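Hey, can you work out the whole structure from these sequences and the hints?
As you go down the protein sequences, you meet chains L, D and G in turn.
For reference, each letter of the first sequence is one residue, going 1 to 357 in our numbering.
For reference, each letter of the second sequence is one residue, going 1 to 425 in our numbering.
For reference, each letter of the third sequence is one residue, going 1 to 470 in our numbering.
It is worth saying that the hints were derived from the structure and are not from the lab.
As the structure is a computational prediction, the values presented were derived from the model and not from experiment.
Don't be surprised by glycine CBs; every beta carbon is placed ideally from N, CA and C.
Don't take each hint at face value.
[To be verified] Label-pair restraints from in silico Cβ distances:
#1 G:447 with D:321: 25 to 31 Å
#2 L:200 with G:353: 43 to 49 Å
#3 G:4 with D:108: 41 to 47 Å
#4 G:49 with L:335: 39 to 45 Å
#5 D:331 with L:235: 34 to 40 Å
#6 G:447 with L:17: 29 to 35 Å
#7 L:20 with G:387: 52 to 58 Å
#8 G:4 with L:200: 22 to 28 Å
#9 L:17 with G:302: 28 to 34 Å
#10 L:72 with G:302: 38 to 44 Å
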Amino acid sequence: MSSHTVVRPPDVRSVQETVRNLSCVWPRGAGTKTALAPPEGAAVLELSQLRGVVDYDPAELTCTVLAGTPVRQVEELLSRHEQYLPFEPPLVSAGATLGGTVAAGLSGPGRYRYGGVRDFVLGVRFVDGQGQLVRAGGKVVKNAAGFDLAKLMVGSVGRLGVLVDLSFKVFPAPRARATLRVDCSTFEQAWGVLRALYGSAFDLEAVDLEPPSTVWIRVAGRPESVPARLRRLQEFVQGGQAVEGEAGVWERAREFRWVPEGWTLVKVGLTLRLLPQVERELASAQTLRRYSVGGNVAWVACPDEAVLSGVLERLGLRGLRVLGPPGPPFLGPRGPDGFGGRVKRALDPAGRFGPGL
Amino acid sequence: MLHEIPVERYGAGGPWMARAVEACVHCGFCLPACPTYRVLGEEMDSPRGRIFLMKEVLEGRLAPSDVAPFVDRCLGCLGCVTACPAGVGYGQLLVPYRELAAAKIRRPWPDRLLRWLVLETLPYPARLRAAWRLARAGAFVAHLLPGRLRGMLDLLPRNLPRSSPRVRVVGPQGPRRARVAVLVGCVQSVLHPEIHEATVRVLARNGVEVVVPDGQGCCGALAMHAGEGARARALARRNLVAFPEDVDAVVTDAAGCGSAMKEYGLLFAGRPEEQQARRLAGRVRDVSEFLHQLGLQPPPSLAARVRAAYHDACHLLHAQGLREEPRRLLGSVGNLELVEPADAEVCCGSAGTYNLEQPEVAQELGQRKARALMATYPDVVVTGNVGCMVQIAAHLRAAGRPVPVLHTVQILDLAYRQQGVPRLA
Amino acid sequence: MDPRRVVEGLRTIYPEGRLLARPAELLPYESDALTAFRARPAAVVLPESREEVVATVRWCYHHGVPFVARGSGTSLSGGSLPVPGGVVIALNRLNRILRLDPEERLAVVEPGVVNLAVSQAAAPFGLYYAPDPSSQPVCTVGGNVAFNSGGAHCLKYGMTSNHVLAIEAVLADGEVVRFGGESLEQVGPDLVGLFVGSEGLFGIALEITLRLVPKPEAYGTVLAAYRSLEAAGEAVARVVASGLLPGAVEIMDRLSIEAAEAAVHAGYPQDAAALLIVELEGEEPEVEAELVQLLEVVRASGAYEIRLARDEPDRQRIWKGRKSAFSAVGRLSPDYLVQDGVVPRTRLGTALAEIERLRQQYGLRVANVFHAGDGNLHPLILYDGRKPGELERAEALAGEILRLCIRLGGSITGEHGVGMEKRQYLAEMFCEADLQVMRRIRQAMDPREIANRGKMFPEPVRTAQPAVAG
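The following block contains the structure:
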């Protein structure tokens, strides 16, 4: 394995200079997404020094932070004002930064209710492939001026630019939560619960399916209404137990504590209808799975990603490698990159952030 | 919208037209309410498109003949008026504009002949009867007629009801609650005289003394909408004279006639008769409006259960703003289940002489209307205008689902007489 | 290119009747809902298939003829204003809902589908399409995508961009591309996010996959009347501070109340200086509990009349009034400019006071109706274009308001887009480097700059020509 030069620019100007001076750079936050590795010959541009909250007024429900700010720091600040990041970024305890969360495009189980990281990013500043500092979007919750490059950065894994700071929408935090655990007898049955919930008017915060057949449902709201809502939910799914210490259940999911050391963890976007087929294929390979966001995401862990890669190719699904040995970010079939390729060439004509997307 | 219309050049209609153009903000809220836009999906066939076009003509930038295809295609249903948040008086632009443009456009002779024939027959019951007899007897010459005229014959019934002698005054049943004059009308009195009879009976049943003034005639709506202002005024003048002032209301049972008479003020704007016209217009009430205001004496239930689909006649809903009134009346009838078809507020394509002059669009709208109505599985279709009745009945028949089409007042009449809705033979 | 040659060229694609070129046919397409701008295209085409759209774009690219895609022409920023001598591609006949999949909660539609039609189609399955611009019975999804339309429920639900899953589009040089997918979670950069709101500068969306959401079980819609606009603004701050997250928070001032009431008889209190509409939505027990708190907050905020929507028709009436407000202002004035600036919510009071001061300074009337929850202002500047200089004054006032929004840390547009109207102000919101990058991306999609040319980007600065001495 090749070693990479690591640069830790102290400020935005140094980020620009680094990008201008080097032929290939790879931005990194805290490096919690261990599987995402720099391209061959790239210098690692570590943003750990660009940390801190730039702007936060609880009455605005918005927050601007430097890209290298740990999510934990932001969440602690928000919670002091009874607010939170509804997309529930993962790997917080591990030290994930907000810049890294955006670049990787990762959201947690709580995404079910109000949307993912893409739905909460309002604006960004980033350094493009020519070392220019670019601002897009804004700090207000509604904004239609100019191209929405803030959203474009979500999931761009450092290939389009180096994020410097980000503005987010935040919400008032629910004062009460409760979790229902529904143990079904088969995967198909658990899948049926997900389908029934997906089409219902229940305002749920998270719905995960843990194979073989357990469904986790989280309700959030006001202390005086949550118990009643939980009961209605129990009637609807005909069973299920309220879980004591429910925070721990979700913490485990959010931090991927269920993933064995050294295994590769891959995020796969899919839809509810595909679940049984995907589960059949994955269960027969050596994998551990957790289906999240009501069946829109599969988190798949495996010791041998070649097998998984084959499965994804067969299913026509793309995956993002998140944890595990460093390597290229994506697995599974690549589509034609007509639109994305043009964006890449416009933002990084010299390929300083690595080839392609 | 800003304009440079030389208002003074256009006489009494000028300020009306200018005001309508001014009020339009081109927001497009009228688009989904416009039947031609729904069918054609083109901006020139939308209300705001036509306002733009008429404005350009009034400003002298386009010739009336340039925009004629699009303004002609307007049904005059005024669906846009109901939908318009800005309060554009579209009808107050369209009617004077058409009169103005009619004088300047030289139309091809078949169009002129058709229009002349229509305007010379429909408003005159005797001529309409004669024409019908001629048409039936002379089926052998039908192929010589232009297609559109043949289309008109297709809408005519196989048999015409006998013309019944006209009663001058009908006394109220019970104590007199009101005294009204009724319009007998023209086309309706030939094709569906039973509506008028039902109106008179229902009014009398509700304690209303009904006067049927002599000397009255066609309200002039057809001519008005065709841009033949002089002809319309000639017809209307007879009514100005015929209708007495000592009545509580002048009641019409054809939505098109009612809305035209309510517009008499505009028709005579700037003319010596204006004040008289305004007074008459102010007394005009649709029969549903009048009965609702008066307070309907609860009718007994219909003899058998029916499912009735209500169709909003444009000139009732959009021109006169009467949505709830007919529904309330029908709602008070036992054994009647009122169902709302999709797009009840969209024109059926009849619109006066429209189905003669724009047969393709009229046909399409008629078919859509029939489909929407059939989807509610009605036993009877109820509406408030004879034109709609003829058009809807024809299209239901063509779709193979003949269902009786009755006027609101006919349903009330059946209930009072404790009968059921007749089945079609 | 000579307009006649444009028409001749397009004749190879379109039959008679779907290629409009006569003056009376072109005229109604000369402007959208911003009538201050007008431009005559060489032709308007009415494609009925995506192949025709692609063929038209390719023809335009080959000949360097600019084109503008148009839906229902409801843009308030001049976004669908034709390019003089260019082609207007009117997409109204591409209005099929290609697939409605209630189980996956998505709809695949053509660009000419009307926004509300999606919700109507989804209604039998308890679903709806959330973005609700005021023009939703009229505007098309294609237009919504181009301008990232908003509506009254953006704080909680986001804008169009948050409800589009996938797009198939023809780029300006004729290449057909697809991006996004049916899952809520994608892998790789958010290309859908970039395309939505690109104001038609990349190309034309041919097929759009929309996300549907379940209709809330319950609504709690509160209408509160205030004696001053400031008091209503203050109430918004209190609602947000209380930890509630309403689906919508709207304010209307005296002029807009008057206009809306005249238009739709919404039953608004007529003597109010300001009306606040707050809507809660969600599960019944939750809405009930929240409503108790909301009513407390609103009562404490000095509202002198508070009404709760009795039933769904009542709720619809309240909304109809609000959504008719823009057009209804046409009753009060022959002309007006609608602004769409955004300020941070806490600066609403400052912004409104400043607008009032400016208004007096300019001697014009301003009606205020806005999405208070998002800080999205819609001052309607009333003027009479026949009075010399009044339009110029109105435009100058509009400009001052936009600068005010930028100064307060907001945006020049919340949901109407930059379009034609605000393009010179984009350069005040973003610096040259920001715009350069955006231009580079545009160039990558549209090397000949033929797609909606002239929109969004400021005109290049022309060096002032010295006056020629006589």
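Outcome of the hint check:
Checked against the given bound of 25 to 31 Å, the beta carbons of residue 447 of chain G and residue 321 of chain D, roughly 55 Å apart, lie outside it. A hinted range of 43 to 49 Å for the beta carbons of residue 200 of chain L and residue 353 of chain G is consistent with their spacing of about 46 Å. Between residue 4 of chain G and residue 108 of chain D the beta carbon distance is about 27 Å. The supplied range of 41 to 47 Å is therefore violated. Separated by about 24 Å at the C-beta atoms, residue 49 of chain G and residue 335 of chain L break the suggested range of 39 to 45 Å.
Distance hint check for residue 331 of chain D and residue 235 of chain L: the Cβ-Cβ separation is about 38 Å, which falls inside the suggested range of 34 to 40 Å. Checked against the hint of 29 to 35 Å, the C-beta distance between residue 447 of chain G and residue 17 of chain L comes to roughly 31 Å, which is consistent with it. At roughly 55 Å, the beta-carbon separation of residue 20 of chain L and residue 387 of chain G lies within the given 52 to 58 Å, and the hint holds. Look at residue 4 of chain G against residue 200 of chain L: about 59 Å separates their beta carbons, and that is not inside 22 to 28 Å.
Checking the proposed 28 to 34 Å range against residue 17 of chain L and residue 302 of chain G shows it is violated: the Cβ atoms sit about 55 Å from each other. Here the CB-CB span from residue 72 of chain L to residue 302 of chain G is close to 41 Å, well matched to the stated 38 to 44 Å.
Hint violations for this structure: numbers 1, 3, 4, 8 and 9, all remaining hints satisfied.
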